[in-house]
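Fit chain B to the supplied structure of chain A, relying on the hints for placement.
There are 2 protein chains.
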Amino acid sequence: MSKNIKKKVVVIGGGTGTYTVLTGLKKFPQLDLSVIVSMMDSGGSNRVIRDEFGLLPTSDIRQCVVALSKKKPNELLRKLFTYRYSAGTGISGMTFGNLFMAALTDIYGSQEKAIERTCEFLGVKGKIIPVTYDNTNLVALYDNGKQVLGEHAIDEPDGNLGEHRIVELSVFPKAKANPAAIKEISLADMIIIGPGDLYTSVLSNIVVDGIAESVINSKAKLLFVINLMTRWGQTNHYKASDFLAEIKKYLFKYPDYVLVNNRKIPSRAVSWYKNVKSEPVNDDIKSTLDMKVIRGNFIHSKYYHKNISDKLTRSLIRHDSSSLAEAIFSLL
Amino acid sequence: MSKNIKKKVVVIGGGTGTYTVLTGLKKFPQLDLSVIVSMMDSGGSNRVIRDEFGLLPTSDIRQCVVALSKKKPNELLRKLFTYRYSAGTGISGMTFGNLFMAALTDIYGSQEKAIERTCEFLGVKGKIIPVTYDNTNLVALYDNGKQVLGEHAIDEPDGNLGEHRIVELSVFPKAKANPAAIKEISLADMIIIGPGDLYTSVLSNIVVDGIAESVINSKAKLLFVINLMTRWGQTNHYKASDFLAEIKKYLFKYPDYVLVNNRKIPSRAVSWYKNVKSEPVNDDIKSTLDMKVIRGNFIHSKYYHKNISDKLTRSLIRHDSSSLAEAIFSLL
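Here the protein sequences line up with chains A and B, keeping their order. FYI, the numbering for the first sequence is 267 to 598, going by our numbering. FYI, the numbering for the second sequence is 267 to 598, going by our numbering.
Looking at chain A on its own, in the form it has when it is part of the complex:
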């Protein structure tokens, strides 16, 4: 990599997987980082932000802000941005970061401006770009013909719907890509998707009108990070090849690079995950596929502790941001 020209890396996602990738990559000053963020979240704090404040959801943005903000002198604000209230009728379950951005939107009269000011205020390195400014929702069509509206309903499916495959993901109403997102993608040297919930964090961006097209037309190398665990209701029993098939389905091509963890998931974690019907993703990628597969130990050594005030289910096993970022960086 040339010493003087920064490489432009565009991460597309939202959620904890993207947080991990950004946390690792921000340590490389040689990178010009942007993140395109899903705007369809409808659970927990976001339901209130959408339904009661009439704003677009900001939880995915909030996580990116924390990931990309300079540690000093913003340690206190970073702590606050990850804080979730556990008391107060109507307040319990809300995140400070979402309330912060809601107040700023009211003060500045625009959510776009509020997000910009939040990034300035927390000293964010890189650009955080909402995938769309249209108010829209995810729609999943399952293999039993059932359609479900809303990210939260897809994330926590009713009854036995979680056993079924999502055969088509779309948005309703139709949403147009943020022009800034299109621009970033067109200028990228590398585009990173995953890890993260395949439909609600990753493909949720790709199905916004204009995004898939610009990824396909970009000269950037496409890198995909395979999830560590399957997720009931989204990637039930998915093997690595299933993930790749879904990427090909929505982007009409395979990624140029695939990162796969080859370290055994600790058995304690595997048995905990059985409670939520998750299992380690089986690496069944055939060497005949036209892509470079990078295998390594990408697991974070510490388990994640679930916050009791958090009403949503969070997973215990995480990618390690440093080893992931180093592997990515070596490909540039």
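No lab work stands behind these hints, which were simulated from the structure alone. Please note that a few of the clues may not be correct.
[Unchecked claim] Pulled from the structure, derived: some chain A residues nowhere near chain B, Cβ distances all over 10 Å:
1) K336
2) D424
3) H503
4) K552
[Stated by the list, open to error] No farther apart than 25 Å at their CA atoms in a straight line, the calculated lysine-lysine pairs in the PhoX-like style are these:
5) K379(A) to K338(B)
6) K345(A) to K379(B)
7) K379(A) to K337(B)
8) K336(B) to K379(A)
9) K345(A) to K336(B)
10) K345(B) to K338(A)
[Claimed, not checked] Okay, the calculated beta carbon distance ranges per label pair:
11) H566(A) to K379(B): 28 to 36 Å
12) E341(A) to E378(B): 17 to 25 Å
13) N401(B) to E341(A): 28 to 36 Å
14) K293(A) to G375(B): 29 to 37 Å
15) P546(B) to L342(A): 40 to 48 Å
16) K449(A) to S588(B): 43 to 51 Å
17) A353(A) to P295(B): 38 to 46 Å
18) E545(B) to S352(A): 42 to 50 Å
19) N401(B) to L342(A): 21 to 29 Å
20) G320(B) to H566(A): 30 to 38 Å
21) S352(A) to H566(B): 40 to 48 Å
All values derive from a computational prediction rather than experimental measurement. Backbone N, C-alpha and C fix where the C-beta goes; we use that ideal spot for every residue, glycine too.
Just chain B now, kept in the frame of chain A:
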């Protein structure tokens, strides 16, 4: 005043009057400022903070934080600290500042620490000292024998109770002064009380066990700023002499200095105030009293605009922070 030795000024209060005094005084680098703040607020945002979060009320502290914070680089945080939500079930009516301090209390495990960190974070000049860390409420005994518990109930009295005089103010349960408040008072060169709601913002501090005694024993000059308007339910039809009599009743002495506005209140304001049963305070202070009376134009030229999301009634006429502070400074 000596050039090198800072004069120690201790303001005792809470609410908008104190905000005005502090805003004016902070411009004088020659002053070592402290404010001792009432902790009995129970209305609006504070009810939630007390009843649902189980914390001490912080609205009076929040106002002092904004008054004493450095404008740059904290302009955005100052704006946020004065922001009150107008949407969200359970959130509408809450102030950002109170939610900020509630989150910090949870993060640091102590409200004292949270207040300290808030002051550091917003670059507060001077010290903000809660009058007590005991969880207590104001109790007012009226001249009809009725007793009312709680700042909010006293502030907005039911029925015709507002016509009656408060003959005794106390706290229940008994509350002990914060030792830091006692210390500041003992070291003060000047103690300032008022303007502000006489019972719920000013005397609410004095009735905390230990405060009156330390004011009486302090060598500091005592300065009292007479309110511009009476307030139904607290100082209904009070003249300046009634205010002074109440100060003497709770502090066993008259103030050394009294600041009284002598500029006519604009008739438009007087007629608006009739709706809330308020009238200009009549200056009937006799020259025979052993105190220095400073009369001047202390009215702010602009009217205050009531925020529609604010559930409490706020007054329109304000003291002017600059002329008030200059008059005070000239006495040091």
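- List, from low to high, the hint numbers that the structure doesn't satisfy. none
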